[in-house]
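Visitor: Once you've looked at the hints, dock chains B and C against the given chain A.
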Amino acid sequence: MIANTVEVDPSDRVDPLDRTVEELVAQRPKTLSEIDTHYCPGCMHGVAHRLVAEVIDELNIRERTIGVAPVGCSVFAYNYFECDFAVAAHGRAPAMATGLKRVMPDKVIFTYQGDGDLASIGSAEILHAAARGENITVVFVNNAVYGMTGGQMAPTTLVGMKTTSSPYGRDLKMSGAPLKMSELIAQIDGVAFVSRRSLHSPAEIRKAKKAIRRAFEMQLNGQGFSMVELLSSCPTNWDMKPVEALRWIETRMVPVFPLGDFKNSVPKNSVRGV
Amino acid sequence: MQHDVIFCGFGGQGTLFAGQLLAYAAMDAGLHVTWIPSYGPEMRGGTAHCTVIVSDEEIGSPLVRAPSYVLAFNNPSVEKYELLLAPNGVLIHNSSLTSHAITRAEIRVVPIPASDVAAEIGNAKLMNMVMMGALLQCSQMLPFEAIERALEAHMSTRRPELLALNKRALQRGVELAQAQSAGLGVEASA
Amino acid sequence: MPKQLLKGNEAIAEAAIRAGVDAYFGYPITPQTELLEYMAKRMPELGRAFVQAESEVAAINMVYGAACAGKRAMTSSSSPGVSLMQEGLSYIAGSEVPVVLVDVMRGGPGLGNIAPSQADYFQMVKSAGHGDFKPIVLAPATVQEAIDLTGLAFDLAEKYRTIVTLLLDGTLGQMMEPAELPPMRPMPAEMPAWALTGAAGRKKNSILSFRMEAEDLEAHNLHLQQKLAVIADEEVRTYEYMLDDAELIVVGFGTAGRVSQTAVKQARQKGIKVGLLRPITLSPFPDRRLSQLADEARGFLVVEMNAGQMVEDVRLSVGGQAPVKFYGRMGGVVPMPDEILASIARLDQATTKAPPTYKIEGPLVPLTKAHEVTR
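Protein chains in written order, with the working numbering: chain A, 1 to 274; chain B, 1001 to 1190; chain C, 2001 to 2375.
The following block holds chain A by itself, in its conformation from the complex (with noise of 0.2 Å):
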């Protein structure tokens, strides 16, 4: 945990002791749509996507809930969730969402970005999203790789990591060090929360859970720009087993990102439901 993290309050933990174990593992979010799935398995966005899908239930926004693809792996999220989803172009979908936003204030706006598309052709337009205190929600998923593509290097591409486009290991002197958003991006007034979470473990999505659920009640809120970043796998293109590639995130990515809550403004009113 690093310096400039604010713990999460313990008493605002979503603790779903009213449900059977099959209505949390069996069922389906309404906001899931009931399609196979495209992404290869031991990929973590199906459990991004459920987790998102799980919070605009529980807050019962889905009817107002328009979501913004990247450029990516996930630029097929419109097919998976129940609600009015955009597609944009590589790295543009906080302007999208923007425009959005600014026609529609009362709708719930979110965006869902990989690390190319958010930390590399996309970073102007997140710095300035964040910056304007757009009052949009946004879920980053962090693997470290290019995935669509095939494996390239990407910006938060660990030092000495081996990808397609960095055969010998990400070089310092050639290619820098990965970028580190939500500590960038918590520097930035207009910003009400950023929190990092991994997926690594049901205990870490649980918290992610929570942090992805927070992120929506800041805009519910209109309290301002708000980034949950997942630290995710991505098996294929890393080349590893899938659990193997979970404990990888544990042992190499977490050191290098570390998980927290970065930026926290004070809740207003809690939203349970509108």
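Be a bit skeptical, because a hint or two may be false.
Taking lysine-lysine and the BS3-like style, the derived pairs with C-alpha atoms no more than 27 Å apart in a straight line are [unchecked claim]:
#, chain 1, residue 1, chain 2, residue 2
1, C, 2204, A, 107
2, B, 1167, B, 1125
3, C, 2003, B, 1167
4, C, 2159, C, 2126
5, C, 2204, C, 2273
6, B, 1080, B, 1125
7, C, 2041, C, 2003
8, C, 2270, C, 2359
9, C, 2203, C, 2159
10, A, 107, C, 2203
11, C, 2204, C, 2227
12, A, 107, C, 2041
13, A, 30, C, 2203
14, C, 2273, C, 2353
15, A, 207, A, 241
16, C, 2204, A, 30
17, A, 180, A, 162
18, C, 2270, C, 2353
Here are the in silico distance ranges between beta carbons for each label pair [as the list claims (entries may be wrong)]:
#, chain 1, residue 1, chain 2, residue 2, range
19, B, 1103, C, 2244, 45 to 51 Å
20, C, 2182, B, 1056, 52 to 58 Å
21, A, 168, B, 1011, 28 to 34 Å
22, C, 2212, A, 162, 25 to 31 Å
23, C, 2109, B, 1058, 31 to 37 Å
24, B, 1103, C, 2353, 27 to 33 Å
25, C, 2182, A, 38, 47 to 53 Å
It is worth saying that the hints were derived from the structure and are not from the lab. Glycine is no exception: its CB is placed at the ideal position from the N, C-alpha and C atoms.
Guide: Showing chains B and C alone in chain A's frame:
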């Protein structure tokens, strides 16, 4: 009948406003008119000029190579536009600030000590209105009252006391140009 | 409503407001900045959306987002900024959402300068972005026309779910002319069925510009082409001057067109039977009208503020039935009527055996050969 006028001077001399005032007056008189400024970096400190075309017919080109009238508020403007003026065109210049020797013989040159007259009236910024009065007198393109009405309708209402001074400046410009016409032959061949 | 003395850029902004624009997103660039500034003042007054974006890239994608909501959205820029918008334009075209863009062209290539130019005819008419698409391109020549075409732009954008560009140069953007503004239109109460307004009581809507299967994308491409064919049949607009008995036809758009009109008038006074065709729609291009005129005409002269771009379309339309000459100025130089008059006279003499009955003084400035291209 078409009149092409180029207003030119330093930025801050009221060049563009003088042109706009003529455009407003022409519009209010039911005539066709175009006003086009120079734009860009030269707006700061350098020269400012605008082209105004007034016509009783639809206006094609909003720009002219050889204007029939030039209102030159400073020396560089006299230098530049003397040569561009149409044959037999009219060059009205602010002789308080100009010293450039005019070489073309066939054009009509009307020197108006506009800055000095404006200072006499009480505000050096009225120079452009003195020049405008001279243009009205030389061109007869619009009645004096049309410009007066345009001033009333389109001048900032924050300082109404300036209105009377502007009208006075216009009137002085007309008088000075009238005095020039009397000695036209001498002026043109000088 | 009485006529007002209006500056082109500001007149377009107010016309867009009266046409019911819900959202404006832009970035400062000369010579269109007055449009952005006008919107910055007026849009918040009316409770409508205005954002000064971090770049033209962001601005066009904000427009894309607002348009996906079914709202009337627009942006404005000038040549280098429009280059940056081309990515977004292509996505918008692929998604078929209505958008209005105002491009106040300046000199290029590169940073070029801020002076008036028509060097982006190719960019907007032929290649507004990657992939097979064309926006509707409207080219006003007067402030009144700019106002009228702004209203039309929103109507056409919605009718055909397409991008409509107002393509003008810095001259018209900066110029003041008396013009009449239309009354304020009522804002639409309902959004179109395809809009992203939240899936309440209906199936979800998706807006995207991609089709992964080749056959699917081809079907989409064919649909876009069919729409263009309808637009070509229905939406061609021209301004015509003294064409009835014209043996020579001058073709020019925007400022080059209206300057040419003065030259045509002067040539008529010399007894040359010449007329003007000023395309108001550059896309769709008035190819059939030109082909029809080519049946009778002795020759064509295309006048542009570029190195010769629209002239290619005129040549295609004329189809070799008559010679097509070109006269152009570049770099922000606006051609003057005397230059065009001299060019008309040369075309006249080149296309007839009869000796000239008139005398042309020629332009007061010497011209280089480069301005007149016979390819």
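Visitor: Look at each hint and say if it fits the structure.
Guide: Status of each hint after checking the structure:
no. : hint                        : verdict
1   : C:2204 / A:107              : 15 Å, holds
2   : B:1167 / B:1125             : 13 Å, holds
3   : C:2003 / B:1167             : 25 Å, holds
4   : C:2159 / C:2126             : 22 Å, holds
5   : C:2204 / C:2273             : 62 Å, violated
6   : B:1080 / B:1125             : 23 Å, holds
7   : C:2041 / C:2003             : 22 Å, holds
8   : C:2270 / C:2359             : 8 Å, holds
9   : C:2203 / C:2159             : 24 Å, holds
10  : A:107 / C:2203              : 17 Å, holds
11  : C:2204 / C:2227             : 25 Å, holds
12  : A:107 / C:2041              : 26 Å, holds
13  : A:30 / C:2203               : 13 Å, holds
14  : C:2273 / C:2353             : 15 Å, holds
15  : A:207 / A:241               : 24 Å, holds
16  : C:2204 / A:30               : 12 Å, holds
17  : A:180 / A:162               : 19 Å, holds
18  : C:2270 / C:2353             : 18 Å, holds
19  : B:1103 / C:2244: 45 to 51 Å : 46 Å, holds
20  : C:2182 / B:1056: 52 to 58 Å : 26 Å, violated
21  : A:168 / B:1011: 28 to 34 Å  : 60 Å, violated
22  : C:2212 / A:162: 25 to 31 Å  : 29 Å, holds
23  : C:2109 / B:1058: 31 to 37 Å : 35 Å, holds
24  : B:1103 / C:2353: 27 to 33 Å : 44 Å, violated
25  : C:2182 / A:38: 47 to 53 Å   : 50 Å, holds
Checked against the numbered hints above, the structure breaks hints 5, 20, 21 and 24 and satisfies the rest.
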